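S.K.: Single-letter residue listing:
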Amino acid sequence: GAGVSQSPSNKVTEKGKDVELRCDPISGHTALYWYRQSLGQGLEFLIYFQGNSAPDKSGLPSDRFSAERTGGSVSTLTIQRTQQEDSAVYLCASSLGTGWYEQYFGPGTRLTVT
Amino acid sequence: GNSVTQMEGPVTLSEEAFLTINCTYTATGYPSLFWYVQYPGEGLQLLLKATKADDKGSNKGFEATYRKETTSFHLEKGSVQVSDSAVYFCALRGGGGADGLTFGKGTHLIIQP
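One line per chain: the protein sequences are A and B, in this order. Here my numbering is used: position 53 in the first sequence is 53, and no number is missing along the way. Position in the second sequence (from 1) plus 1000 gives the number in my numbering.
So that you can see chain B by itself, here it is in the shape it has in the complex:
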């Protein structure tokens, strides 16, 4: 079946540091890939997505590229802010599995001023 693996953390960085959160997946076929974010006290919301190989999703300064050859969808941001502190979830949908999202365990990101 489908699965998603991501670094768990917590990951603690200083403001303006470069961020990478690794995500790799296992799926048959051609899944769509997503990053969701959960800010403290708020609901889960979509951050970015990519629906086919080599697509790059981007939003709020975050980027991730769908790499089929390495089955990866790493999240990056060039300069993080305190307001980026949240839990980030990598997820996939489709690719031979049920239509529901398959999530990674989540990465808790803490940005210090």
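If we strip away everything but chain A, and leave its shape as in the complex, we get:
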């Protein structure tokens, strides 16, 4: 079946602009996660959604970052007023549930802030 998809695959933006990154999870997966992969920080957890519960935002690095998940499916990660340090690969993952369920990762969106 279809895996996790993300769009765009690459995004170049100017410092100060807002960007939106999209994630389509595997159908039927109730949990959805966002991570960031950068050279300096490695892989960092940002936020996760489980069903209709309030998201866990404990990993978001600043209030410029936000995410929403509509209808329990598609998710959008928004970065406002982008900075050069936001340049990274943003990964989305989904799973059947929380705990020990396997997380399936998408191919990522490479964000470059110039």
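For the record, the hints were derived by calculation from the structure and aren't laboratory data. As the structure is a computational prediction, the values presented were derived from the model and not from experiment. There could be a bad hint or two in this list.
[Said to hold, decoys possible] Facing chain B, from chain A, some residues (calculated, C-beta under 8 Å):
hint	residue
1	Gly42
2	Tyr48
3	Thr98
4	Trp100
5	Glu102
6	Gly108
[To be verified] The calculated BS3-like cross-link candidates involving lysine-lysine, where the alpha carbons are at most 27 Å apart (straight line), are:
hint	chain 1	residue 1	chain 2	residue 2
7	B	Lys1105	A	Lys57
8	B	Lys1068	B	Lys1049
9	B	Lys1056	B	Lys1105
10	B	Lys1049	A	Lys57
11	A	Lys57	A	Lys17
12	B	Lys1060	B	Lys1077
13	A	Lys11	B	Lys1105
14	B	Lys1049	B	Lys1060
15	B	Lys1068	B	Lys1105
Heads up, the beta-carbon is just placed ideally off N, CA and C, and yes, glycines get one too.
Starting from the known structure of chain A, arrange chain B on it as the hints suggest.
M.R.: For chain B alone, coordinates are given in the frame of chain A:
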């Protein structure tokens, strides 16, 4: 909070050599432990996992045992192949932290023919 420490590398080995990549963790409670692999040009994928102490995860000839007494989850393979060249990430989930995965920095493995 939770943390994972792994050897960074790059680690360069000859084909058919024995591989060990060390991983230790800090967490409260009883986390689940994972090894993920990222092959060149591909996305992150689960290699193996263990959900409780003394469990052994295995896949594609790789093994790792959940050692609570030493808070470790070392990855081993008896005979590596060139196709094993990739970046390997140790990770944990749960154990008192957020449900998201906490990753180590990753170990770049290079296998030479």
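S.K.: Next, verify each hint and record whether it holds.
M.R.: Quick rundown of the hints versus the structure:
1. Gly42: holds, 5 Å
2. Tyr48: For tyrosine 48 of chain A, the interface hint holds, since the closest Cβ of chain B sits about 5 Å away, which is under 8 Å.
3. Thr98: holds, 5 Å
4. Trp100: holds, 4 Å
5. Glu102: Glutamate 102 of chain A check passes; min Cβ-Cβ to chain B is 5 Å, inside 8 Å.
6. Gly108: holds, 7 Å
7. B:Lys1105 with A:Lys57: Measuring from Cα to Cα gives roughly 22 Å; hence the hint holds.
8. B:Lys1068 with B:Lys1049: The hint holds at about 14 Å.
9. B:Lys1056 with B:Lys1105: Given that 27 Å is the threshold and the Cα spacing comes to 22 Å, the pair holds.
10. B:Lys1049 with A:Lys57: Holds, because 25 Å separates the two Cα atoms, which is no more than 27 Å.
11. A:Lys57 with A:Lys17: holds, 22 Å
12. B:Lys1060 with B:Lys1077: holds, 9 Å
13. A:Lys11 with B:Lys1105: holds, 24 Å
14. B:Lys1049 with B:Lys1060: holds, 13 Å
15. B:Lys1068 with B:Lys1105: holds, 21 Å
The earlier numbered hints are all upheld by this structure, with none contradicted.
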